[in-house]
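Line order of the protein sequences matches chains A, B and C.
Taking the working numbering, the leading residue of the first sequence gets 9, the next gets one more, and so forth.
Taking the working numbering, the leading residue of the second sequence gets 111, the next gets one more, and so forth.
Taking the working numbering, the leading residue of the third sequence gets 38, the next gets one more, and so forth.
Calculated directly from the structure, the hints in this document are not laboratory data.
Be aware that one or more of the hints could be misleading.
With a straight-line Cα cutoff of 27 Å, these simulated BS3-like cross-link-like pairs (lysine-lysine) come out [what the hints assert, rightly or not]:
| no. | chain 1 | residue 1 | chain 2 | residue 2 |
| --- | --- | --- | --- | --- |
| 1 | A | K141 | B | K524 |
| 2 | B | K136 | A | K236 |
| 3 | A | K236 | B | K467 |
| 4 | B | K136 | A | K141 |
| 5 | B | K224 | B | K136 |
| 6 | B | K524 | A | K236 |
| 7 | A | K14 | B | K224 |
| 8 | B | K289 | A | K236 |
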Amino acid sequence: MSGALKLIAQRIALGLLLLLLVSILIFSGTQILPGDVAQSILGQSATPENLANLRAELGLEKPAYIRYFEWLAGLMRGDLGTALTSGVPISEAIAVRLENTLFLGAFAAAVSVPLAITLGLVSVRFRNRWPDKMISASTLASISLPEFFIGYLLILFFGVKLGWFPSVATVYEGMSFADRINTTVLPALTLTLVVLAHMMRMTRAAILNVMQSAYIETAELKGLGSFKIIWRHALPNAIAPIVNVVMLNMAYLIVGVVVVEVIFVYPGMGQYLVDHVSKRDVPVVQACGLIFAAIFIGLNLLADVISILSNPRLRHPK
Amino acid sequence: MSSDNVLEIRDLKIGVAVKEPNGRSKDIEIVHGVSATIEKGKVLGLIGESGAGKSTIGLSSLAYGRGSVDITGGEVLLNGRDIMKLGRSGLKSVRGKEVCYVSQSASAGFNPAKRLIDQVIESTLEHGLATRSEAITRAKELFAALSLPDPENIGSRYPHQVSGGQLQRVMTAMALCPKPDLIVFDEPTTALDVTTQIDVLAAIKNAIHLTGVAAIYITHDLAVVAQVADDIMVLRHGKTVEYGSTKQIIEAPQEDYTKALVTVRSIEADQQEAVAAPVMEIKNITAGYGRGTTVLDDVSVELYAGQTLAVVGESGSGKSTLARVVTGLLPPRKGEIQFEGKVLTPKQPNRSLQDLKDIQMIYQMADTAMNPRQTIGTIIGRPIEFYFGVKGKELRDRIDALLDKIELPRDIAKRYPGELSGGQKQRVCIARALAAEPKLIICDEVTSALDPLVADGILKLLLQLQASENMAYMFITHDLATVKAIADSVAVMHLGKLARYGPKQQVLSPPFDDYTDLLLSSVPEMRLGWLEKILSSRKMQSAGN
Amino acid sequence: MKFKDIPISAWIGILSTSVFVFAAVFAPWIAPYDMADPVGQVWEPMSWKHLLGTDNLGRDLLSRLIFGARTTLTIAAIATLLSFFVGAFLGMLAAVVGGWIDQLLSRFVDLLMSIPTLIFALVVLSVLPSNLITLILVMGVLDATRVYRLSRAVGVDINVMEFVEAAKLRGENRVWIITREILPNAMSTLVSEFGLRFVFMVLFLSALSFLGLGIQPPQADWGGMVKENKDGIVFGIPAALIPAFAIAMLAISVNLIADWLLNRSADTKGGRGEL
Numbered sequence: 009m010s011g012a013l014k015l016i017a018q019r020i021a022l023g024l025l026l027l028l029l030v031s032i033l034i035f036s037g038t039q040i041l042p043g044d045v046a047q048s049i050l051g052q053s054a055t056p057e058n059l060a061n062l063r064a065e066l067g068l069e070k071p072a073y074i075r076y077f078e079w080l081a082g083l084m085r086g087d088l089g090t091a092l093t094s095g096v097p098i099s100e101a102i103a104v105r106l107e108n109t110l111f112l113g114a115f116a117a118a119v120s121v122p123l124a125i126t127l128g129l130v131s132v133r134f135r136n137r138w139p140d141k142m143i144s145a146s147t148l149a150s151i152s153l154p155e156f157f158i159g160y161l162l163i164l165f166f167g168v169k170l171g172w173f174p175s176v177a178t179v180y181e182g183m184s185f186a187d188r189i190n191t192t193v194l195p196a197l198t199l200t201l202v203v204l205a206h207m208m209r210m211t212r213a214a215i216l217n218v219m220q221s222a223y224i225e226t227a228e229l230k231g232l233g234s235f236k237i238i239w240r241h242a243l244p245n246a247i248a249p250i251v252n253v254v255m256l257n258m259a260y261l262i263v264g265v266v267v268v269e270v271i272f273v274y275p276g277m278g279q280y281l282v283d284h285v286s287k288r289d290v291p292v293v294q295a296c297g298l299i300f301a302a303i304f305i306g307l308n309l310l311a312d313v314i315s316i317l318s319n320p321r322l323r324h325p326k
Numbered sequence: 111m112s113s114d115n116v117l118e119i120r121d122l123k124i125g126v127a128v129k130e131p132n133g134r135s136k137d138i139e140i141v142h143g144v145s146a147t148i149e150k151g152k153v154l155g156l157i158g159e160s161g162a163g164k165s166t167i168g169l170s171s172l173a174y175g176r177g178s179v180d181i182t183g184g185e186v187l188l189n190g191r192d193i194m195k196l197g198r199s200g201l202k203s204v205r206g207k208e209v210c211y212v213s214q215s216a217s218a219g220f221n222p223a224k225r226l227i228d229q230v231i232e233s234t235l236e237h238g239l240a241t242r243s244e245a246i247t248r249a250k251e252l253f254a255a256l257s258l259p260d261p262e263n264i265g266s267r268y269p270h271q272v273s274g275g276q277l278q279r280v281m282t283a284m285a286l287c288p289k290p291d292l293i294v295f296d297e298p299t300t301a302l303d304v305t306t307q308i309d310v311l312a313a314i315k316n317a318i319h320l321t322g323v324a325a326i327y328i329t330h331d332l333a334v335v336a337q338v339a340d341d342i343m344v345l346r347h348g349k350t351v352e353y354g355s356t357k358q359i360i361e362a363p364q365e366d367y368t369k370a371l372v373t374v375r376s377i378e379a380d381q382q383e384a385v386a387a388p389v390m391e392i393k394n395i396t397a398g399y400g401r402g403t404t405v406l407d408d409v410s411v412e413l414y415a416g417q418t419l420a421v422v423g424e425s426g427s428g429k430s431t432l433a434r435v436v437t438g439l440l441p442p443r444k445g446e447i448q449f450e451g452k453v454l455t456p457k458q459p460n461r462s463l464q465d466l467k468d469i470q471m472i473y474q475m476a477d478t479a480m481n482p483r484q485t486i487g488t489i490i491g492r493p494i495e496f497y498f499g500v501k502g503k504e505l506r507d508r509i510d511a512l513l514d515k516i517e518l519p520r521d522i523a524k525r526y527p528g529e530l531s532g533g534q535k536q537r538v539c540i541a542r543a544l545a546a547e548p549k550l551i552i553c554d555e556v557t558s559a560l561d562p563l564v565a566d567g568i569l570k571l572l573l574q575l576q577a578s579e580n581m582a583y584m585f586i587t588h589d590l591a592t593v594k595a596i597a598d599s600v601a602v603m604h605l606g607k608l609a610r611y612g613p614k615q616q617v618l619s620p621p622f623d624d625y626t627d628l629l630l631s632s633v634p635e636m637r638l639g640w641l642e643k644i645l646s647s648r649k650m651q652s653a654g655n
Numbered sequence: 038m039k040f041k042d043i044p045i046s047a048w049i050g051i052l053s054t055s056v057f058v059f060a061a062v063f064a065p066w067i068a069p070y071d072m073a074d075p076v077g078q079v080w081e082p083m084s085w086k087h088l089l090g091t092d093n094l095g096r097d098l099l100s101r102l103i104f105g106a107r108t109t110l111t112i113a114a115i116a117t118l119l120s121f122f123v124g125a126f127l128g129m130l131a132a133v134v135g136g137w138i139d140q141l142l143s144r145f146v147d148l149l150m151s152i153p154t155l156i157f158a159l160v161v162l163s164v165l166p167s168n169l170i171t172l173i174l175v176m177g178v179l180d181a182t183r184v185y186r187l188s189r190a191v192g193v194d195i196n197v198m199e200f201v202e203a204a205k206l207r208g209e210n211r212v213w214i215i216t217r218e219i220l221p222n223a224m225s226t227l228v229s230e231f232g233l234r235f236v237f238m239v240l241f242l243s244a245l246s247f248l249g250l251g252i253q254p255p256q257a258d259w260g261g262m263v264k265e266n267k268d269g270i271v272f273g274i275p276a277a278l279i280p281a282f283a284i285a286m287l288a289i290s291v292n293l294i295a296d297w298l299l300n301r302s303a304d305t306k307g308g309r310g311e312l
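Throw the hints in and build the complete structure from the sequences for me.
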């Protein structure tokens with residue numbers, strides 16, 4: 009067990025290091041590139057005087073590494089800085105939006121993950137028969153469909169033509185849980201459709217890979233039924249690959265969320281980020297970028313830890 | 111049919127569906143009407159080279175076809191009823207209850223995520239043959255009968271915590287646990303080291319004897335099957351070549367193919383004496399990977415022109431590492447190599463073109479040793495072009511001459527490796543080494559992936575080429591029969607050290623050190639009763655215990 | 038390779054991709070109207086005059102779609118080429134040379150890949166001037182990380198094979214090792230990956246344009262056209278779905294071809310001994 013614990017500690021340390029490096033990358037990505045924030049805020053017509061004032065206000069005359077450490081120190085305290093365009097502290101603006109985004113992501117994950125794994129199992133059970141073939145065909149379509157195609161199609165049918173769900177996903181504080189679910193059905197469904205087929209196909213591949221192992225043949229030659237073979241012998245060995253598949257798709261979901269929030273005018277982090285990219289509000293972009301990256305790294309870390317825990321070689325060393 | 115017959119196979123035909131490039135599939139028959147009978151408590155040996163259909167026939171007694179293999183005709187009567195007609199649920203009640211299977215690689219055949227004991231008793235519980243505690247008691251008895259260490263507790267381990275030889279015995283216990291009428295052993299000792307193989311073989315034989323189970327024992331090694339089987343069926347290309355009692359097959363084979371199998375590996379080169387100065391002197395080499403443990407410890411050997419040094423040992427003995435040191439892929443930590451009187455640069459990239467040309471290598475797996483996207487002509491021609499700058503017609507002539515030397519048709523130069531048989535591929539690899547006109551060729555287990563008759567052909571070719579080209583061979587092998595066939599001097603390696611070294615006659619004659627004795631005595635011999643005799647006279651236990 | 042060995046799905050992919058490429062190349066000759074001219078009412082439905090209707094400014098949708106194919110295909114293709122050459126070259130280099138070069142490149146790629154591509158693109162685009170060069174560079178460099186990983190993995194797999202060792206022992210230089218021993222065996226995997234990367238680029242570019250951060254108007258590109266017409270959706274006007282559908286069709290077609298190439302390379306491997 010200690011071997012596994014040591015490995016997990018290593019992974020967590022590595023994850024934190026990665027996060028630190030990402031923060032450097034994001035910070036330098038917005039600082040060292042040509043053009044300066046003040047210039048891009050004020051545009052080409054700015055007078056040198058205005059520029060100098062703004063630079064002083066933003067603290068741009070200090071060396072970049074000092075500004076980085078100041079930014080980092082702020083982050084540690086939960087202070088993400090102030091938005092240039094509105095002057096509002098970013099932490100305040102983000103808190104509610106982050107919650108909304110996580111709600112939408114969790115909703116989509118709660119639907120898509122169990123569904124994808126079940127369908128993946130069905131697909132393995134009926135390998136090369138019609139359910140499997142349908143799943144394969146739908147995967148190809150679904151990885152080719154842009155989010156906005158699925159999103160607007162759903163709006164057109166369920167929102168406009170049938171009127172079952174609102175076309176615009178407006179959520180606000182104090183909204184009841186049922187209302188919130190009803191409002192976010194269409195964006196969550198869009199996200200689900202975007203990741204479902206892919207997750208299904210990869211789950212199928214992961215289990216099929218295990219099913220080709222010699223010990224599955226051993227189980228078959230013991231006279232076990234196909235359900236017992238999958239449950240007792242395939243699944244325990246497929247946990248790590250399936251978790252990896254799920255996490256990969258959750259990461260995909262994070263990216264999808266940005267576009268989906270714009271489609272449904274959903275007040276989350278994604279829309280907030282996109283808005284401020286076009287306004288060139290660098291502190292907001294940095295903060296959002298870092299939060300998205302942290303979620304992404306966290307998910308991968310979780311997948312790693314579960315893989316380590318499910319590996320009998322690590323749990324029971326020689 | 112007599113009621114004593116556990117299994118009766120009648121005119122069995124097996125086909126395999128092969129996918130064509132356009133996606134359609136075509137059936138090809140691979141077993142063409144084979145019949146066999148096994149009485150209660152008897153062992154039938156199935157023997158043949160790869161592609162003979164022996165595993166396929168063995169699995170048919172569980173009504174199982176691997177991949178797209180399908181039983182297309184004939185009857186398989188298990189305890190008097192045709193299991194081909196049982197249907198899915200009927201089959202489930204036969205497999206793991208009346209007939210069990212032991213596969214070649216136990217380390218792959220066990221589920222890595224479950225404890226051994228749970229897997230051993232699984233079929234017994236599944237078929238309701240005993241309660242859990244009864245099954246566990248029986249399993250422990252079987253572990254003891256198979257002379258596994260610590261039979262009380264070994265079951266609570268996971269597969270990766272147990273050695274390969276032990277795992278193979280645990281798998282035998284798993285097959286015996288539900289008290290089946292028949293067990294199919296599919297090359298159960300092939301993946302093991304020679305000294306471990308003999309213990310597992312003895313354990314299996316003992317367990318069969320104790321439980322009185324009938325068995326099919328599949329192997330490519332006639333000497334092995336001669337020790338356990340009552341009857342032997344010799345198979346080739348999916349047909350029965352000869353079928354009779356073990357005594358008759360070994361002592362009075364009727365068919366030419368069987369005779370060839372019985373006498374295979376009986377070539378023996380006369381030992382040549384070292385006369386001139388050595389081509390290569392390997393002096394006190396110590397080597398290892400990274401900062402890890404030492405794999406080679408103070409090894410010194412010499413190689414002479416026109417002669418063969420056989421380096422023999424089991425896996426982990428360091429014999430392949432020695433080859434890597436000589437080729438310069440792994441610079442030694444200590445010691446040096448002298449080649450033609452000069453010190454050889456330790457690292458391969460720094461060696462002179464002349465030295466690279468003079469030391470060539472032939473690999474075990476001809477499949478992976480040739481670029482699948484290059485024609486045979488390119489593969490053989492490139493060293494000529496590279497070392498001698500020969501091009502055009504002269505290059506083609508030289509390629510033709512090389513193909514003549516390795517006894518392959520000239521038009522093979524236009525083909526790709528994938529279109530050749532295993533033996534042909536290995537010949538091409540020999541030609542590639544020969545093309546450089548080397549002074550030394552390192553042969554790394556060059557015959558161990560080949561069927562015995564094909565391997566014999568390769569050995570004969572190598573000896574012939576050595577005589578005509580006056581090259582030195584460093585022949586790395588685990589197989590003592592090969593050593594006898596080809597060596598002039600022998601180096602026995604054990605755990606990175608030289609256990610014994612000298613001219614062949616001397617190394618292979620008593621008095622022996624303990625390890626060489628164990629190694630020599632572990633090589634199955636083609637006669638009845640050899641196993642019992644040898645087990646009673648051994649000085650040292652194998653590492654598998 | 039024989040024509041009859043190409044499966045129907047691949048034929049559909051080849052055929053429909055050709056239609057898109059044809060439209061892109063000959064746009065000025067086959068488009069019925071100019072892409073920038075308001076030739077009708079706002080959001081006219083489909084008619085014989087305007088086969089796909091008109092857009093939010095009364096411009097002919099079909100014409101804009103045809104010209105949009107030009108922009109989308111060209112930029113996606115250039116970005117793919119960039120990502121492919123950078124990624125494949127560095128990947129192969131890392132695989133063959135190994136050592137600190139491999140470590141440095143691989144860890145840097147790990148770092149880049151620990152930020153979702155779209156997010157990273159947004160961060161960078163927030164400070165860079167918005168023009169085509171920036172767009173192509175950002176797309177190409179970010180995507181090169183994926184190509185790098187794949188080609189390095191394939192390269193490492195082949196590099197440890199004995200035929201490569203044999204070539205090294207012969208004394209062959211790295212150029213020979215890469216071009217004659219490794220690349221021919223990696224080609225089929227890389228070619229089908231090229232298709233997949235192109236699809237990704239089309240989707241990526243469209244997403245950026247849809248978010249208003251990609252191609253800037255009045256230039257027509259498919260993602261941008263979705264953005265222009267998206268407000269019609271809530272009124273039941275499907276104009277935005279037409280360019281979205283075109284993106285989906287192109288992506289599916291190229292995927293069909295890539296799928297076939299991938300299967301074909303798997304088949305040849307099976308047929309030519311275990312590689």
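Restraint check for A/K14 with B/K224, where alpha carbons must lie at most 27 Å apart
holds (23 Å)
Does the structure keep B/K289 and A/K236 at a Cα separation of 27 Å or less?
Status holds; Cα separation ~22 Å.
Compare the distance between the alpha carbons of B/K224 and B/K136 with 27 Å, and conclude whether the hinted pair is satisfied.
Answer violated: B/K224 to B/K136 is near 39 Å, above 27 Å.
Given the hint that B/K136 pairs with A/K141, test it: the Cα-Cα distance must not exceed 27 Å.
Status holds; Cα separation ~21 Å.
Has the given pair, A/K141 with B/K524, been kept, meaning a C-alpha gap of at most 27 Å?
violated (40 Å)
Restraint status (C-alpha distance of A/K236 to B/K467 at most 27 Å)
violated (58 Å)
Hinted pair, alpha-carbon criterion (27 Å max): B/K136, A/K236. Please report holds or violated.
Judged against 27 Å, a Cα distance of about 32 Å means the pair is violated.
What's the verdict on B/K524 and A/K236, does the C-alpha distance respect the 27 Å limit or exceed it?
This hinted pair is violated, its Cα atoms lying about 51 Å apart.
Checked against the numbered hints listed earlier, the structure breaks hints 1, 2, 3, 5 and 6; every other hint is satisfied.
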